[in-house]
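J.: Read off the chains here:
There are 2 protein chains.
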Amino acid sequence: MSSQSEKPSCLVIGAGGVGVITTYSLFNAGLSEVSLVVRSDYDHVVEHGYSIDSCDYGIVENWKPHHLFRTATDAAKSGYFFDYIVVTVKNIPDGPKSGTVHEIVRPVILSNHQINAARTTSVVLIQNGLDIEKELFEHFDPNHYKLALLSGVQLIGSTKVSTGKVVQIGQDRLSVSPFDSKDEAALEQAKLFASIYSNEGQNEVKFENNARHTRWKKLLYNAVVNTTTALAQLDATRCLKLSKNGTSTEQNLWVPGMMEIIAIAASEGVVVEPREMDFFLNFTKTYIYKPSMCVDYEKGQLMELEVILGNPLKIAEKNGVPAPTLFVIYQLMTILQGKTKERRGLIRFNETTKEVETVVE
Amino acid sequence: MSSQSEKPSCLVIGAGGVGVITTYSLFNAGLSEVSLVVRSDYDHVVEHGYSIDSCDYGIVENWKPHHLFRTATDAAKSGYFFDYIVVTVKNIPDGPKSGTVHEIVRPVILSNHQINAARTTSVVLIQNGLDIEKELFEHFDPNHYKLALLSGVQLIGSTKVSTGKVVQIGQDRLSVSPFDSKDEAALEQAKLFASIYSNEGQNEVKFENNARHTRWKKLLYNAVVNTTTALAQLDATRCLKLSKNGTSTEQNLWVPGMMEIIAIAASEGVVVEPREMDFFLNFTKTYIYKPSMCVDYEKGQLMELEVILGNPLKIAEKNGVPAPTLFVIYQLMTILQGKTKERRGLIRFNETTKEVETVVE
Chain A
0 MSSQSEKPSC
10 LVIGAGGVGV
20 ITTYSLFNAG
30 LSEVSLVVRS
40 DYDHVVEHGY
50 SIDSCDYGIV
60 ENWKPHHLFR
70 TATDAAKSGY
80 FFDYIVVTVK
90 NIPDGPKSGT
100 VHEIVRPVIL
110 SNHQINAART
120 TSVVLIQNGL
130 DIEKELFEHF
140 DPNHYKLALL
150 SGVQLIGSTK
160 VSTGKVVQIG
170 QDRLSVSPFD
180 SKDEAALEQA
190 KLFASIYSNE
200 GQNEVKFENN
210 ARHTRWKKLL
220 YNAVVNTTTA
230 LAQLDATRCL
240 KLSKNGTSTE
250 QNLWVPGMME
260 IIAIAASEGV
270 VVEPREMDFF
280 LNFTKTYIYK
290 PSMCVDYEKG
300 QLMELEVILG
310 NPLKIAEKNG
320 VPAPTLFVIY
330 QLMTILQGKT
340 KERRGLIRFN
350 ETTKEVETVV
360 E
Chain B
0 MSSQSEKPSC
10 LVIGAGGVGV
20 ITTYSLFNAG
30 LSEVSLVVRS
40 DYDHVVEHGY
50 SIDSCDYGIV
60 ENWKPHHLFR
70 TATDAAKSGY
80 FFDYIVVTVK
90 NIPDGPKSGT
100 VHEIVRPVIL
110 SNHQINAART
120 TSVVLIQNGL
130 DIEKELFEHF
140 DPNHYKLALL
150 SGVQLIGSTK
160 VSTGKVVQIG
170 QDRLSVSPFD
180 SKDEAALEQA
190 KLFASIYSNE
200 GQNEVKFENN
210 ARHTRWKKLL
220 YNAVVNTTTA
230 LAQLDATRCL
240 KLSKNGTSTE
250 QNLWVPGMME
260 IIAIAASEGV
270 VVEPREMDFF
280 LNFTKTYIYK
290 PSMCVDYEKG
300 QLMELEVILG
310 NPLKIAEKNG
320 VPAPTLFVIY
330 QLMTILQGKT
340 KERRGLIRFN
350 ETTKEVETVV
360 E
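Protein chains in written order, with numbering that gives the first Met the number 0: chain A, 0 to 360; chain B, 0 to 360.
Source of the hints: derived by calculation from the structure; they are not laboratory data. None of these values were measured; they are calculated from a predicted model. Each hint should be verified, as a subset may be incorrect.
All copies of an identical chain are treated as equivalent in the list; a pair is satisfied when it fits inside any one copy or across any two copies.
[Unchecked claim] DMTMM-like cross-link-like pairs, simulated, lysine to aspartate or glutamate; straight-line CA separation at most 20 Å:
(1) K243 x E316
(2) K63 x D277
(3) K243 x D93
(4) K284 x E356
(5) K353 x D277
(6) K243 x E341
(7) K145 x E134
(8) K159 x D234
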């Protein structure tokens, strides 16, 4: 076993379009030792490395991070301590148990604890949605494991177009915060992560101690626009322009839905200004783009429905905030999610009894 | 030109699965002279007739009604007076102008008027939705043309499976009423139509003087269940059972949506009892079935959105009845309808200007 450098060590889990660019950003900055868990493309990447066409970094050929692992368990067995476990997989709490975040990071948290129980492990969730940290707090005592939970909210346009090949068309802008704004250790870890992630003039990374606000703000887009595009299986611009008079989606669906997000956020003391809506509305009018839920649904993959829409609606219910637009969208989306679960064999619908029979784990 | 019999003469316009069985029902009863407008299958049907596999009438081979026409204009040129113009095409007021009901029936109303201005022409709209008669009243003075407008609300499961071949799996149950319950002439015509349509022990036809009530009642299903299946592209049973806990669609979407229909109907004095919901809810739990809007959307055809959901919502708005569930479903459905319009070339979306450019008529 080789000894590790003195630099902080990062393990990125999730080698999709976003995960690969995230890994490259850390690697290119040169301030950390960078490992990546690559599942399906492992053999190809070990042999050929990645081929990247990036608006931030240009053409990069045959690139590999410092270490590659086939699974998080392999990474855990490596004997390395990973200061940052960076999670870029989708967050699907209603999907197979093996794909939940706490299961994914478990082996590495346990091996870190075994290697050095006194050293802080930061888990950076670069994922959409709300209350995604709760699952980790429920499964791991942060004091026992010396965990710092960090929130990463990323705007990026990046796609894995084929095996080992990634195309990035939208600049990587990352906001890093502790989930708990009063957690001093997490605060320090977030600042450090922002510094080792920064590539001046290329990507854009900000340390901000307002995870909750940043996440609510991004929900303006994800809870409303992203969901709509999945239901219509259509890019966001067409969802706007092909609606009645070219205006009904904006006036009757998206603005009301966004105002509901603002009201729910306000009910827990987070102020999102209505003018923030303009950024996302203008974005949908400018770029013809299919957001993640539309892409996932069309690919037959589960969507991040619960963290993007289910959790905000739980807060609305708890605080008595009316959210009729989001509520109806959510009901429809659960049908789409159920349809995907049946198609993936995660549930089975018996056409004779007309009942859902089996949940396969 | 052959002379006509003394029996009433019926012209059915629309030779889909429903139209063909409707035509056969009239023919088989033997009390009227029956003509059918067949568009795409005309040559085949003239040569071979229809092949019908019907739960009401058994196997019927090489059947033709008394007269076949390629278009309504051809029927108008035949010199026949048609006592009943029976319309079984879809009602799509937001579609191409040539497909609107008033344009479809125009040549026959005009030729009837020319042949015998003193004789009543009944137009029987066997179609879904609300306020579908208004379009006809706007375009034709009922006194001048001696028009009686009749409402046909049909429950039937029938599909044209290939050229000239129709399979009927659900019994034909038709309710016939005058649209205007005080129109004595229409009342008489509706009674007569029910009598010439009836095939004892086979189909089921009722004269009822409550068109509005019957139409609101059927909207419990069409405005709520039918629309949902189009958005999910899934049969109605799965829309129920694949939702959250297998219950969220019924509890959070369909029952609230149906209660909104009941409230809107009540706002104009039509009483639909909440227990009527049970029939439709049980139906969706019993038969695995894709309703018309789902089928139309999947086939790339326009849906009867405006008459099924747009018109009830106009009444809700006029009478100040809250209908948040139906409202959100409608906004989403207009996007689906716009998507179909673009795919059919009825509108064009310019990806450079990001605007809808052209409406082709």
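J.: If a hint holds in the structure, say so; if it does not, say that too.
T.: Results of checking the hints against the structure:
{"no.": "1", "hint": "K243 x E316", "in the structure": "between (31 Å within a copy, 16 Å between copies)"}
{"no.": "2", "hint": "K63 x D277", "in the structure": "neither (39 Å within a copy, 61 Å between copies)"}
{"no.": "3", "hint": "K243 x D93", "in the structure": "between (34 Å within a copy, 10 Å between copies)"}
{"no.": "4", "hint": "K284 x E356", "in the structure": "between (44 Å within a copy, 15 Å between copies)"}
{"no.": "5", "hint": "K353 x D277", "in the structure": "between (45 Å within a copy, 17 Å between copies)"}
{"no.": "6", "hint": "K243 x E341", "in the structure": "between (33 Å within a copy, 13 Å between copies)"}
{"no.": "7", "hint": "K145 x E134", "in the structure": "within (16 Å within a copy, 72 Å between copies)"}
{"no.": "8", "hint": "K159 x D234", "in the structure": "within (19 Å within a copy, 34 Å between copies)"}
Consistency note: the structure conflicts with earlier hint 2 alone.
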